[in-house]
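Asker: Here's the letter readout for the chains.
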Amino acid sequence: MSIEDIRKILTSHDYIPDDAIVMSVFLSIRLSKPLLIEGPAGVGKTEIAKVLSEGLSAELIRLQCYEGLDAGHALYEWNYQRQLLYLKIMEREGASREALEDEIFSEKFLLKRPLLEAISKEKSPVLLIDEIDRADEEFESFLLELLSDWQISIPEVGTIKARNIPYVLLTGNRTRELSEALRRRCLYLWIDYPSLEKEIQILRRKVPEIDTALAAEIAAFMHEIRQMRLEKTPGVAESIDWGRALAELHIDHLDRSLIENTLGVVLKDWQDVRRATDSLSELLEKTGIKSKIG
Amino acid sequence: MDAEYPQDIIRQTSISGHLVLFSRFLRSRGYTLSLLDEADALKGLQAIGIRSARSYFMVLRTIYANNPWQYAEFEGLYREFLYELKRAYNDKVKKQYHRSTQKKPSRQRSLEALKDWLFNRPAQEESVMGSYDPIESLVYKDFSMMTPDEVTYILRLLETLARRLKHRKSRLNKRSVKRRRLDIRMTMRSNFRRGSEVGRWIYSERKPKKMRIVLLCDVSRSMDLYSRFFIQMLYAFQTGYDRIHTFVFSTALFDITAILAHHNFNRAFEIIGQRIPQWSGGTRIGNCLQNFIDENGYSMLNRKTTVLILSDGWDTGSPGLLGDAMRRINKSSRKVIWLNPLAGNPSYEPDTMGMVEALPYIDVFAPVHNLESLRKAMKAL
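Protein chains in written order, with the numbering used here: chain A, 1 to 294; chain B, 1 to 381.
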């Protein structure tokens, strides 16, 4: 697979990548190393994994991290109820003790959670470990074994080696600093807000029915609004939502009252909304959108 | 994943020489790169087939950079490297004609390393320093007298301290998914409803102490000696502790939490300097604190919040405001700690107008001018 193939895969699934993204994804596949993607919210970090899994026609296995996530939820668990039932049945049938012991800790009673599932697939899946910075530090160090040796140790069964090395993508938006050990095992990609031209492209690709002029106006407006000091800066996801909403209303260009009425799609914090409304005139002037008077 | 690399990578080519050199240059700039990283970079270059200087650079950035600021500064470093390489090469040529000219000892280290390589001198690896505990001599030294190295040392110390603070456990227990400590009482209770058989184990762990910290730092002129250091301190602290909000104030209040979180220190300092025109200006503590509690009082202050104020208490605003603001802050937070760098002086009395007003609403009033006092103040948290 060449670097051009990766670019084709991404673009053919409505993802508009820049060179850095293509390069990192390519290297991550070629070197079989996990790729750590960081960047502000809503710039399409998770999207890469989805697109990649479709493009490679590989299964997408997703592990959403949260505080308190532990090995049991991420890796494997014994199906305790089933083991108990099985024991009861076998007792009635008078099975021998050794046989039972072997039986009960076999794969049949193993509940596979995302990580174990990812390494025991016949065909390499795409493993997305989403928002890794939300998990505890302990979980992070627990991941190290998997990410560097591609194996998982289960005390009762032994070490399970990966059949095929999955394509691993980790995402984070820096709610917490990740450990150096994890960072060093990964390739790194930082995705920032897209440039003006790229955002127009994205809008037109994602919302095909959108008016060309409207797309340009939305992109310009978003570009300016991101320069403001906001509690929560809107990402590309918000621009797409906005574009979709406006296209649905068959609107072909922005004006002041329209922005005031639909700002809630873009900004999700009341202080931000207030701040943006206060400086709306300035914003409009910068983006060159004429305000309709009367 | 063993490091089995094809033969043609092991062979020394000018590309791999260049790469090793660049890696060495990066190490001198604080990057930690292992041999495996270098091997990965070579493999990556091989896979991509170098087409342009741009692709060479991008491969290296993907593999070598580890965090946002490394990612951002990488291009600059690469350019700098190329420039220095050129300079080192010119030096070599010149040197052949003027053998007697002495080098200036103040040359940059990376340049020296490059030249060592060009002249084929064996690299002198970093020699080990004789060990003594630097902390001993630092404990009582005033912050404003410290050298940059000492500051760096203290900042590292602070970061560890913040990390420790983050993992402090409360005395309360909560149900846990980690199977370490069995909660017998809850296990029994939850299994009663199924009769006598215990089929579900319940575990517990200590609740983490979810303490929130709000830092308010004075950067007015009277604090000039200390403020750069304090910002550095806030930076170090925020890297280690995540439930923290950081503000600076002089005549107006600024939230710098996001700036500190997204940039490395020097850049953050630069941005703060640009954004805050009143840097080193006068102080209006009262107004700023009023402003703080009006805007953020409800969202940031609660019973779990500790408010840390770093200021000398010289207020030029109208009287009464500071006292009122302090009363409100005190009422809605867990603890108010006022750290004053002047208070380290034995003859200091908190008798400035501002301090007198604020004093009744402060839970802990402590000096913070050297490491020992800082440590004591942290204990109060």
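Hints may be right or wrong, so weigh each one.
[Stated by the list, open to error] Subject to a maximum C-alpha distance of 27 Å in a straight line, what follows is the list of computed DSSO-like cross-link-like pairs (lysine-lysine):
1. A:Lys268 x B:Lys178
2. A:Lys112 x B:Lys178
3. B:Lys169 x A:Lys161
4. A:Lys108 x A:Lys121
5. A:Lys232 x B:Lys166
6. A:Lys232 x B:Lys304
7. B:Lys178 x A:Lys232
8. B:Lys43 x B:Lys209
9. B:Lys178 x A:Lys161
10. B:Lys178 x A:Lys108
11. A:Lys268 x B:Lys43
12. A:Lys8 x B:Lys166
13. B:Lys43 x A:Lys123
In short, the hints are calculated from the structure, not lab data. Remember, it's a predicted structure, so these values are computed and weren't measured experimentally.
Asker: Please go over all the hints and tell whether each is borne out by the structure.
Answerer: Checked hints:
| no. | hint | result |
| --- | --- | --- |
| 1 | A:Lys268 x B:Lys178 | violated (35 Å) |
| 2 | A:Lys112 x B:Lys178 | holds (18 Å) |
| 3 | B:Lys169 x A:Lys161 | violated (37 Å) |
| 4 | A:Lys108 x A:Lys121 | holds (16 Å) |
| 5 | A:Lys232 x B:Lys166 | holds (24 Å) |
| 6 | A:Lys232 x B:Lys304 | holds (24 Å) |
| 7 | B:Lys178 x A:Lys232 | violated (33 Å) |
| 8 | B:Lys43 x B:Lys209 | violated (46 Å) |
| 9 | B:Lys178 x A:Lys161 | holds (25 Å) |
| 10 | B:Lys178 x A:Lys108 | holds (24 Å) |
| 11 | A:Lys268 x B:Lys43 | violated (45 Å) |
| 12 | A:Lys8 x B:Lys166 | violated (45 Å) |
| 13 | B:Lys43 x A:Lys123 | holds (24 Å) |
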